[in-house]
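Engineer: With the hints as extra help, turn the sequences into a complete structure.
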Amino acid sequence: MPAAAALSAAALARLPAADRREAVTAAVAALPGLGPLRLSDRYGLHRLTAVWLHTRPSPATTAAYLADLTGYLRWCAGQRLDPLRAYRADLDLWATVLGERYAPASVARKLAVTSSWYGYLLAHEVATRNPLAGLDRPALDRDTSATVSLSRAEAAAFLAAAGADARPRALRTAALLGLMLTEGLRVAEVCGADIADLGHHRGYRTLTVRRKGGKTRAYPLAPPIAAAVDDYLDDRAARDGTSRERLAGPLFVTEPSGPHPGGKRLDRWGITKLIRRIARQARIPAAARLSPHSLRHSFATLALDAGTALRDVQDAMGHADPRTTRRYDRSRYQLDRHPAQRILAYLTEP
1 MPAAAALSAA ALARLPAADR REAVTAAVAA LPGLGPLRLS DRYGLHRLTA
51 VWLHTRPSPA TTAAYLADLT GYLRWCAGQR LDPLRAYRAD LDLWATVLGE
101 RYAPASVARK LAVTSSWYGY LLAHEVATRN PLAGLDRPAL DRDTSATVSL
151 SRAEAAAFLA AAGADARPRA LRTAALLGLM LTEGLRVAEV CGADIADLGH
201 HRGYRTLTVR RKGGKTRAYP LAPPIAAAVD DYLDDRAARD GTSRERLAGP
251 LFVTEPSGPH PGGKRLDRWG ITKLIRRIAR QARIPAAARL SPHSLRHSFA
301 TLALDAGTAL RDVQDAMGHA DPRTTRRYDR SRYQLDRHPA QRILAYLTEP
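Going by this note's numbering, the first residue of the sequence shown is number 1, and it counts up by one from there.
No wet-lab data here; the hints were simulated from the structure.
Among the clues, some could well be false.
What the hints assert, rightly or not - Estimated spans, in silico, between C-beta atoms of each pair:
id : residue 1 : residue 2 : range
1  : Ala156    : Ser106    : 27 to 33 Å
2  : Pro36     : Arg202    : 53 to 59 Å
3  : Gly249    : Trp269    : 16 to 22 Å
4  : Asp19     : Pro223    : 33 to 39 Å
5  : Ala164    : Ala30     : 39 to 45 Å
6  : Ala237    : Lys273    : 23 to 29 Å
7  : Arg74     : Ala105    : 17 to 23 Å
Keep in mind it's a predicted model, so treat the numbers as computed, not measured.
No residue lacks a Cβ here, since even glycine has one placed at the ideal position from N, Cα and C.
Structural biologist: Structure (structure tokens):
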């Protein structure tokens with residue numbers, strides 16, 4: 001079982017339900033500012049917090065909520081503030097501190113998570129108020145996103161650099177980054193994928209992933225990406241001294257490095273470092289600012305530029321609201337896509 005301090009969406013997703021609850025409970029027991037630990041108290045602060053966390057709709061949400069709540073409680077501890085005695089003025093100060101460190105979307109998310117926690121405690125009469133009630137949240141622009149994305153030329157150079165990575169890492173690099181850029185998967189979905197999640201359906205090589213909300217979806221892999229994944233797994237099985245049919249475990253694992261034997265599930269930070277290293281090799285100017293989410297952004301922008309219907313891109317990305325997908329279409333405000341020329345041509349047609 002993963003240590004409480006190292007809980008991640010991928011780690012939680014692979015735990016049986018009972019072990020997942022135990023891991024979340026252990027993480028809550030380590031949180032600062034919640035007072036003496038009394039897990040036997042059915043409606044005590046620790047137990048209610050644990051229930052609030054492990055009843056979130058997915059392991060990814062649970063891990064994200066735990067991280068945001070931990071950040072808030074650590075700030076309270078630094079202020080010598082009992083979170084149950086916090087007032088609006090305290091949360092105004094915290095929001096200001098967040099605004100100095102994070103983008104508006106991240107600030108809004110952290111405030112929403114903390115407000116949800118207080119609301120849950122308030123409903124069970126453990127808290128007497130929600131100090132975030134009425135607190136101003138950052139205004140979010142649904143039409144833009146600050147995440148760095150790749151242009152068409154940069155994406156092509158990025159994939160070429162991935163395929164030219166140093167052996168034996170080349171096969172994993174090409175398969176992993178090709179999959180992320182062409183499927184638009186979330187990094188938690190990639191980290192949590194297992195070899196057993198690969199399959200075939202209607203003539204397609206597929207990968208079934210666990211999406212936000214706990215739902216699963218089978219993604220069809222483009223033939224070159226499917227071939228890259230199979231080449232990587234064939235090579236991995238050969239190096240492990242086993243057959244491809246007997247190879248099991250995470251889809252993407254760490255490579256041997258120094259005293260570390262490798263073979264562990266690849267995590268978000270490992271993927272981020274890989275993306276930036278390959279981007280530097282591809283001479284992409286914004287290499288240091290790229291992230292796994294940059295590849296997801298690039299997928300949406302490139303798919304829309306290639307003529308894919310917005311509805312199909314929305315479905316592929318798992319967005320409930322098409323406006324969320326539209327934020328990724330960075331090219332839609334370019335002059336050559338403005339309707340003026342089409343209108344003029346339409347009006348002047350014989």
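Engineer: Indicate, hint by hint, whether the structure satisfies it.
Structural biologist: Results for each hint:
Hint check: Ala156 to Ser106, Cβ distance near 31 Å, so the stated range 27 to 33 Å holds. At roughly 57 Å, the beta-carbon separation of Pro36 and Arg202 lies within the given 53 to 59 Å, and the hint holds. Checked against the given bound of 16 to 22 Å, the beta carbons of Gly249 and Trp269, roughly 20 Å apart, stay inside it. A beta carbon spacing of about 38 Å between Asp19 and Pro223 agrees with the range 33 to 39 Å that was offered as a hint.
Checking the proposed 39 to 45 Å range against Ala164 and Ala30 shows it holds: the Cβ atoms sit about 44 Å from each other. For Ala237 and Lys273, the Cβ-Cβ distance of about 25 Å falls inside the hinted range of 23 to 29 Å, so the restraint holds. Separation of Arg74 from Ala105 is about 21 Å and conforms to the stated range, judged on CB atoms against 17 to 23 Å.
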